[in-house]
Amino acid sequence: MAGRLILVVLLLLAAACAEVGRPPGGPIDDIPPSLATVSPSSLATRVTADEPLSFTFSEKVDRRRFSRSLVIVPDLPLAPPEFDGLEVRVQPLFGWPADSTVVWVLLPSLPDKHGVGMERGASGAFTTGESLPPGGIRGRAVLDSLVNVGDDGPDWAILKARLTLDPLPDSRQRRPWRFADGSEDGSFELQWLRLPSGPYQLQVWLDRNGDSRRDEREPVATVDSLFVGLADSMLEIDGSLLRLVDLEAPVPVRFCLDSLPDAVAIVQTPQGEVAQSEGDSVDSVDSVVVTPVRVVLWTWPDEASSPVRTPVDSTGCIEVELAPGDTRWGAWLDLDGDLHWSNTEDGSSEPFVAADTLLVQPATPLRLPVAWPEQRLQWGALDSLRILPVPREAWSESSS
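100 is the number of the first residue of the sequence shown in the numbering used here; add one for each residue after it.
Misleading hints may appear alongside valid ones.
Claimed, not checked - Taking lysine to aspartate or glutamate pairs in the EDC-like style, the calculated list, with each CA pair at most 16 Å apart, reads:
1. Lys159 - Asp251
2. Lys159 - Asp211
3. Lys212 - Asp254
4. Lys159 - Asp129
5. Lys212 - Asp129
6. Lys212 - Asp250
These are computed hints drawn from the structure, not numbers from a lab.
Construct all of the structure, not just a fragment, from the sequences and the given hints.
See the structure below:
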């Protein structure tokens with residue numbers, strides 16, 4: 100019994116004297132690496148073909164991730180990188196091309212040996228020629244009103260711009276050519292382009308995940324077939340082409356009847372005969388007068404889901420949200436008020452507008468007038484609908 104008591108006392112004393120120490124290996128490294136120096140320096144000229152591109156970092160970087168985090172334009176076969184302490188040297192197998200501009204980009208995905216990534220990437224350029232080419236492309240991005248940026252507005256510090264060239268014959272991927280970060284006002288400038296040159300594709304996007312690569316969920320603007328000419332060495336891109344849109348977000352589409360009469364005369368004609376003209380009296384043929392007019396719109400984005408049925412309101416309009424892409428849609432006069440297109444008591448169908456297909460463009464609100472052929476509608480079939488896109492700011496004008 101006494102022995103057990105002594106053992107318990109010794110254990111309690113040991114616990115009281117215990118001290119929590121640092122984990123093995125010292126404190127955890129959470130300081131991101133940074134680029135200290137680079138040679139040749141950015142904008143250097145007359146660089147020799149065999150001069151290595153040398154990076155010196157604040158600490159050792161991950162050797163396995165380095166090559167994947169470095170982008171060099173033009174794409175050249177490179178020798179394996181040489182690691183010497185804090186310095187990494189890169190050299191092309193066959194030298195830098197003569198009289199050419201070389202652009203390099205270090206992506207922020209480059210981590211140190213503890214896995215801590217760079218806080219921000221780095222980029223630069225040099226030339227083996229006498230001077231850097233003077234051509235460039237610049238512009239100022241704007242955000243579409245449908246892009247959700249929160250109460251503080253867009254963070255233009257994460258804006259990225261990239262120029263690419265057409266794929267090579269044996270490839271499907273576009274070739275990266277120039278890169279730029281945005282300024283606080285959303286402007287950007289891509290430099291060092293030969294004159295004349297092109298065609299280029301320009302992509303401008305908000306790099307929300309900070310990887311310097313465009314993700315499908317990041318708002319983007321794309322402009323194709325850009326050329327830089329001798330007469331205008333700095334090509335200015337119109338702001339209307341640089342509206343950043345969310346390609347995944349639903350698009351509001353507003354459908355409106357051209358006119359919403361208080362009553363509609365549905366003319367019923369024997370099969371094979373043509374409905375009488377507008378000037379004829381409704382009483383001269385079999386007809387049904389519908390009042391008030393009740394129109395139902397249906398939209399069907401994909402065959403895997405059921406059509407969405409929405410009654411048009413008293414103003415003759417309805418706004419629905421549709422996913423970007425092709426959407427089938429149509430409308431009908433709901434004679435029995437059940438929100439379903441169906442046969443009437445006498446066996447004929449409710450008047451309808453034939454189904455049409457609408458291509459919904461991302462962040463392009465549309466006003467679609469539903470053009471009934473006439474107030475007297477032939478029983479069972481109507482003409483196709485007219486589709487006329489109108490910008491959101493013109494909705495009020497078009498409705499008045």
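Please verify whether Lys159 and Asp211 have alpha carbons no more than 16 Å apart.
Holds. Lys159 to Asp211 sits at ~6 Å (cutoff 16 Å).
With a cut-off of 16 Å on the C-alpha distance, tell me whether Lys212 and Asp129 pass.
Holds. Lys212 to Asp129 sits at ~11 Å (cutoff 16 Å).
16 Å Cα cutoff - pair Lys159, Asp251:
violated, 37 Å
Lys159 paired with Asp129 [C-alpha distance capped at 16 Å]
Status holds; Cα separation ~14 Å.
Within 16 Å, alpha carbon to alpha carbon, are Lys212 and Asp250?
violated, 38 Å
Lys212 and Asp254 were given as a pair; does the straight-line alpha-carbon distance stay at or below 16 Å?
Not OK: Lys212 and Asp254 at ~31 Å, beyond 16 Å, violated.
Hints 1, 3, 6 from the list above are not met by this structure, while the remaining hints are.
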